[in-house]
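Trainee: Please model the entire structure based on the sequences and the hints provided.
These protein sequence lines are chains A and B, in that order. If you're matching positions, the first sequence starts at 1 in the working numbering and goes up one per residue. If you're matching positions, the second sequence starts at 1 in the working numbering and goes up one per residue.
For the record, the hints were derived by calculation from the structure and aren't laboratory data. Note that the structure is a prediction, hence the values are computed from the model and not measured. Some hints could be false.
Note that identical chains are pooled: a pair holds if it fits in a single copy or bridges any two copies.
In silico lysine to any residue, SDA-like type, Cα no more than 25 Å apart, as pairs [to be verified]:
1. LYS380 / ASP56
2. LYS499 / GLN524
3. LYS302 / PHE364
4. LYS149 / ASP343
5. LYS127 / GLU25
There are 2 protein chains.
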Amino acid sequence: MSKHVVVIGGVALGPKAACRLKRLEPDTRVTLIDASKLISYGGCGIPYYISGDVSDHTQLQTTSFHMVRDEPFFKECKDFDVITEAWTESIDRKNKQVTVRLKTGEKQVLGYDKLVIATGSSPRDLKIPGQELPGAFAITNLNSAIEIKEMVSKGDVGKAVIVGAGFIGLEMAEALADMWGIDTTVIEIADQVLPGVVGPNMAKVAQEELEKNDVSVLLGEFVQAIEGDGKVQRVRTNKQTIDADLVILSVGVVPNSELAAEAGLAVSPRGGIQVGKTMQTSDPDIYAGGDCVEIENLITGKPAYFPLGSMANRQGRVIGTNLAGGRDTFDGAVGSFAVKIFDYGVAGAGLSIGSALREGFDAFSAQIIQFDHSHFYPEKDLVAFELVVERGTGRVLGVQGLGSNGDGVKGRVDAVAATLKYKPTVKDIGNLEVAYAPPFSSAMDVVNTAANAAENMLAGRSHPVDPITFAEMWNNRRENNLLVLDTREQGNAEPFVQKHPDYWKNIPQGQLRCRLDEVPRDRQILLVCNTGGRSYESQLILEHAGIHGALNLQGGMGLLTRFGLNPAEEE
Amino acid sequence: MSKHVVVIGGVALGPKAACRLKRLEPDTRVTLIDASKLISYGGCGIPYYISGDVSDHTQLQTTSFHMVRDEPFFKECKDFDVITEAWTESIDRKNKQVTVRLKTGEKQVLGYDKLVIATGSSPRDLKIPGQELPGAFAITNLNSAIEIKEMVSKGDVGKAVIVGAGFIGLEMAEALADMWGIDTTVIEIADQVLPGVVGPNMAKVAQEELEKNDVSVLLGEFVQAIEGDGKVQRVRTNKQTIDADLVILSVGVVPNSELAAEAGLAVSPRGGIQVGKTMQTSDPDIYAGGDCVEIENLITGKPAYFPLGSMANRQGRVIGTNLAGGRDTFDGAVGSFAVKIFDYGVAGAGLSIGSALREGFDAFSAQIIQFDHSHFYPEKDLVAFELVVERGTGRVLGVQGLGSNGDGVKGRVDAVAATLKYKPTVKDIGNLEVAYAPPFSSAMDVVNTAANAAENMLAGRSHPVDPITFAEMWNNRRENNLLVLDTREQGNAEPFVQKHPDYWKNIPQGQLRCRLDEVPRDRQILLVCNTGGRSYESQLILEHAGIHGALNLQGGMGLLTRFGLNPAEEE
Numbered sequence: 001m002s003k004h005v006v007v008i009g010g011v012a013l014g015p016k017a018a019c020r021l022k023r024l025e026p027d028t029r030v031t032l033i034d035a036s037k038l039i040s041y042g043g044c045g046i047p048y049y050i051s052g053d054v055s056d057h058t059q060l061q062t063t064s065f066h067m068v069r070d071e072p073f074f075k076e077c078k079d080f081d082v083i084t085e086a087w088t089e090s091i092d093r094k095n096k097q098v099t100v101r102l103k104t105g106e107k108q109v110l111g112y113d114k115l116v117i118a119t120g121s122s123p124r125d126l127k128i129p130g131q132e133l134p135g136a137f138a139i140t141n142l143n144s145a146i147e148i149k150e151m152v153s154k155g156d157v158g159k160a161v162i163v164g165a166g167f168i169g170l171e172m173a174e175a176l177a178d179m180w181g182i183d184t185t186v187i188e189i190a191d192q193v194l195p196g197v198v199g200p201n202m203a204k205v206a207q208e209e210l211e212k213n214d215v216s217v218l219l220g221e222f223v224q225a226i227e228g229d230g231k232v233q234r235v236r237t238n239k240q241t242i243d244a245d246l247v248i249l250s251v252g253v254v255p256n257s258e259l260a261a262e263a264g265l266a267v268s269p270r271g272g273i274q275v276g277k278t279m280q281t282s283d284p285d286i287y288a289g290g291d292c293v294e295i296e297n298l299i300t301g302k303p304a305y306f307p308l309g310s311m312a313n314r315q316g317r318v319i320g321t322n323l324a325g326g327r328d329t330f331d332g333a334v335g336s337f338a339v340k341i342f343d344y345g346v347a348g349a350g351l352s353i354g355s356a357l358r359e360g361f362d363a364f365s366a367q368i369i370q371f372d373h374s375h376f377y378p379e380k381d382l383v384a385f386e387l388v389v390e391r392g393t394g395r396v397l398g399v400q401g402l403g404s405n406g407d408g409v410k411g412r413v414d415a416v417a418a419t420l421k422y423k424p425t426v427k428d429i430g431n432l433e434v435a436y437a438p439p440f441s442s443a444m445d446v447v448n449t450a451a452n453a454a455e456n457m458l459a460g461r462s463h464p465v466d467p468i469t470f471a472e473m474w475n476n477r478r479e480n481n482l483l484v485l486d487t488r489e490q491g492n493a494e495p496f497v498q499k500h501p502d503y504w505k506n507i508p509q510g511q512l513r514c515r516l517d518e519v520p521r522d523r524q525i526l527l528v529c530n531t532g533g534r535s536y537e538s539q540l541i542l543e544h545a546g547i548h549g550a551l552n553l554q555g556g557m558g559l560l561t562r563f564g565l566n567p568a569e570e571e
Numbered sequence: 001m002s003k004h005v006v007v008i009g010g011v012a013l014g015p016k017a018a019c020r021l022k023r024l025e026p027d028t029r030v031t032l033i034d035a036s037k038l039i040s041y042g043g044c045g046i047p048y049y050i051s052g053d054v055s056d057h058t059q060l061q062t063t064s065f066h067m068v069r070d071e072p073f074f075k076e077c078k079d080f081d082v083i084t085e086a087w088t089e090s091i092d093r094k095n096k097q098v099t100v101r102l103k104t105g106e107k108q109v110l111g112y113d114k115l116v117i118a119t120g121s122s123p124r125d126l127k128i129p130g131q132e133l134p135g136a137f138a139i140t141n142l143n144s145a146i147e148i149k150e151m152v153s154k155g156d157v158g159k160a161v162i163v164g165a166g167f168i169g170l171e172m173a174e175a176l177a178d179m180w181g182i183d184t185t186v187i188e189i190a191d192q193v194l195p196g197v198v199g200p201n202m203a204k205v206a207q208e209e210l211e212k213n214d215v216s217v218l219l220g221e222f223v224q225a226i227e228g229d230g231k232v233q234r235v236r237t238n239k240q241t242i243d244a245d246l247v248i249l250s251v252g253v254v255p256n257s258e259l260a261a262e263a264g265l266a267v268s269p270r271g272g273i274q275v276g277k278t279m280q281t282s283d284p285d286i287y288a289g290g291d292c293v294e295i296e297n298l299i300t301g302k303p304a305y306f307p308l309g310s311m312a313n314r315q316g317r318v319i320g321t322n323l324a325g326g327r328d329t330f331d332g333a334v335g336s337f338a339v340k341i342f343d344y345g346v347a348g349a350g351l352s353i354g355s356a357l358r359e360g361f362d363a364f365s366a367q368i369i370q371f372d373h374s375h376f377y378p379e380k381d382l383v384a385f386e387l388v389v390e391r392g393t394g395r396v397l398g399v400q401g402l403g404s405n406g407d408g409v410k411g412r413v414d415a416v417a418a419t420l421k422y423k424p425t426v427k428d429i430g431n432l433e434v435a436y437a438p439p440f441s442s443a444m445d446v447v448n449t450a451a452n453a454a455e456n457m458l459a460g461r462s463h464p465v466d467p468i469t470f471a472e473m474w475n476n477r478r479e480n481n482l483l484v485l486d487t488r489e490q491g492n493a494e495p496f497v498q499k500h501p502d503y504w505k506n507i508p509q510g511q512l513r514c515r516l517d518e519v520p521r522d523r524q525i526l527l528v529c530n531t532g533g534r535s536y537e538s539q540l541i542l543e544h545a546g547i548h549g550a551l552n553l554q555g556g557m558g559l560l561t562r563f564g565l566n567p568a569e570e571e
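Mentor: Now the structure itself:
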């Protein structure tokens, strides 16, 4: 009799592993079990289904050639059996069988030669009183999404509260506010949006974009209770009470590893099933992958949790290959991500500056802003780019980008991400050979410029100040005895000088060498220009003239204004 | 007295090296010499200046903050001297001095401590009779560009001939045909456009795009003479005579290395100045970089010539660092490029399939077509992607992409390009961790799918046929005893079956296992679907059923129709 492979879980990794296996070993018998009726869907598409960009939920379940991936599809096109609405109760490793409770209540025991655990993840449970009320949801599956879409499309939702400003929280905020005009508030316990994945400056730019699009963002705030009479009506936080018809809890997910743990498989203290590079668990006949496992973070070398659909798909293929007797490996991940926030694309890979410091790296970050295409080419957009670097070694630990050309931002992040596992230094990224033509990039592309800026900091030549620190210093300009030295041409600087004659002075960079006597020695100088290039150049001129201690604003006025601070327009 | 550095050449590398040096060592005296009045311009922007996208040529010479990079700019902002319209006649290495002929005719001898040769390149001279006629140009400098722009904007050009279908030739074709409505013909001696940089299938897709936009493309043809009475009137090729008011010779460039050779510096047989990784020539006091040098091709390990503005800028920074006593290196290049051809962006890196075979690699290529964004996301475009792979090792030697989302194409090529120097295999690229979110990519992105397709070929599982071979076989379908087995659903296949009932048969992939008896054993089967996925799956089903020899069409009907072949619409 041919080999029998049982796959538990049918969203992303499970079907991928099963399909790959069947292509390699058509004679192997495969049975896929899922607890839901809806399988093999693009879970990452849920916000776009709710927004209406994707009109029908079956679209998330269809192939690119418009076939719905349901039980008959897998039987006919992929030649394996799918049992839906079936709950896997236990794994008996000794006898190599799983016990499944069917929707009829009947129990079925399936023998296996090899087993794949693809049980995915569940929403992190904050145990908030009232979270069980109708109108409160944690979006992790298509069933909840269908309910929410029904509520919003019927016009039942005037106000929504989203708890958690991670990827899904922000995607949902856009879906509700932009497409349905719902009064939407995002509550985040951390002091920034996208905590842990971008630095505070980029987070502030993203937050500005949310607020510009009428999404309220509450930081450093957390939900104590969801209240209402038979349905959600209010959210009570540590600071206030907010009316809401809909509450979405998007505070992250945790691996579904109970089944594995009960079967005695190695599970990490943080709950992820432990797997090796071949995606085998502590039992070599059992594979696991996707949202239920931990893999190596290739930056830190430590086990990490990356619940991402793309990861699940790639791991699924590795498992399929290995089930068929191959020996493929999945070496770990650097945590590449992308997220659309209204007009901006935000992407990143590796560590954010916050994560790097928390992981114990002696790290700093270089922030730049630059056009995605040649500055003389008519179609272009500014890209904010941040490189996280280890002092001493110059190793690049992470990268984040943001801009309105989302494909361009993602492409640049991907280029750096692709090198991260090879432990590149800033010099490697400074010479990274990205393709150049004026309609698509500059001769010195964003990635090169960012690395060169980092190299100048590393060498102690560039003494930067980030927008957050600049804003703090500016807000206390009198106490800080501050003078902003604007190194742009007069036309750009004039409105600022007019507005703040005591704190904003203009000396264009080209005149600085001849006007050094106008630079006060007794004040804290902050050098600014449009993007950070001329202010760096000016800093070097001051240093060479013996005027030390001036700081140059990273990303210049371009980043500062996107960041929400425009001293020329202050009240 | 402070060190004196002389830089010969002021377009891209020269100013970059000089500026970097001055930032690091403000006390060093720098003199930059250029033969032209116009310096420090973005030469790659010339086609966009001629098209009118860039309205004024000074825009190519301005910084991103709108300052023209002329002599006063470099003096005031960068603190070094520039001498324009000055021809460097010789280098006296023994006495460390250069002799310069000024525009006055006067000669000047400049002593140097360190010298930078940034003499760039000149158009390859085909020595075509008549090439000196007014109206015939080789575009390598801004002066020619200004003349051409004047001709076209005055309406003096009704018909133009472009000789050479490389990057600049095709960019110029677009500039003339699209923006000025000029009847434009491109003549290329090779049998494809973009020879040496993309494979023949992608070249054919690019050619279709050119022809769709009224550019005539003549392949396998070469110019024997340019004729006319006091100005260009006709071009005579080996096959015909074509009327023309304007002829642009864009048949590549050769390094300007005479000065270096005469000074006894090592110059390669192909004419490039030889430099080490520090960009020093055979004389350690003399650096060279940009279009006049050869560097290592990191794929082949051999010296190679990469005349690209981006390369010059990055090398310029390395030279600047080293002039200031640093020790930076430029390790070589993989030849990343991008080019816009009407609605398409085309990008690549490493070797094309043709170059790989010429270099002696036992190479093949995998071609796919896939959406750039999730297939369920409303905004999306197909990307054609080709991966060039070495048999045996599975090493990825090159990548090329094409699609209407140029930023997305470039980003994907850059991600693969970034890894090439680390000698990745198809498994590395199959798991390349590019960022995923539905508005920007698929869970299995284009790069992953291309590598997985290559891996399946490498393993002997996938037996592909490329569009060119498919077209040849199809054109001789009777002699080849061909049957196209269309594995799509009936709606897609029907028009083809109707048109060619004897040669086109439809069995949807999901039905193939049950309808194997309908598959003839005595005919050459060509399997097709939309993109190549279901035809591969069908091939495996046939193989498993003992029906061998069927071939599946790479990139499917999606690539074939872009390639210009649509059997349903044949006459």
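Trainee: For LYS302 and PHE364, with the copy left unspecified, which applies at a CA distance of at most 25 Å: within, between, both, or neither?
Mentor: Classified as within: same-chain Cα gap 21 Å, cross-chain 38 Å, threshold 25 Å.
Trainee: Give the relationship of LYS380 and ASP56 under a CA distance limit of 25 Å: within one copy only, between copies only, both, or neither.
Mentor: Between. Shortest inter-copy distance 17 Å satisfies the 25 Å Cα cut-off; intra-copy 34 Å does not.
Trainee: Please sort LYS127 with GLU25 into within, between, both or neither, judging by C-alpha distance up to 25 Å.
Mentor: neither (46 Å within a copy, 61 Å between copies)
Trainee: Using 25 Å as the alpha carbon limit, work out where LYS149 and ASP343 are close: within a copy, between copies, both or neither.
Mentor: within (23 Å within a copy, 37 Å between copies)
Trainee: Using 25 Å as the alpha-carbon threshold, which applies to LYS499 and GLN524: within, between, both, or neither?
Mentor: within (19 Å within a copy, 80 Å between copies)
Consistency note: the structure conflicts with earlier hint 5 alone.
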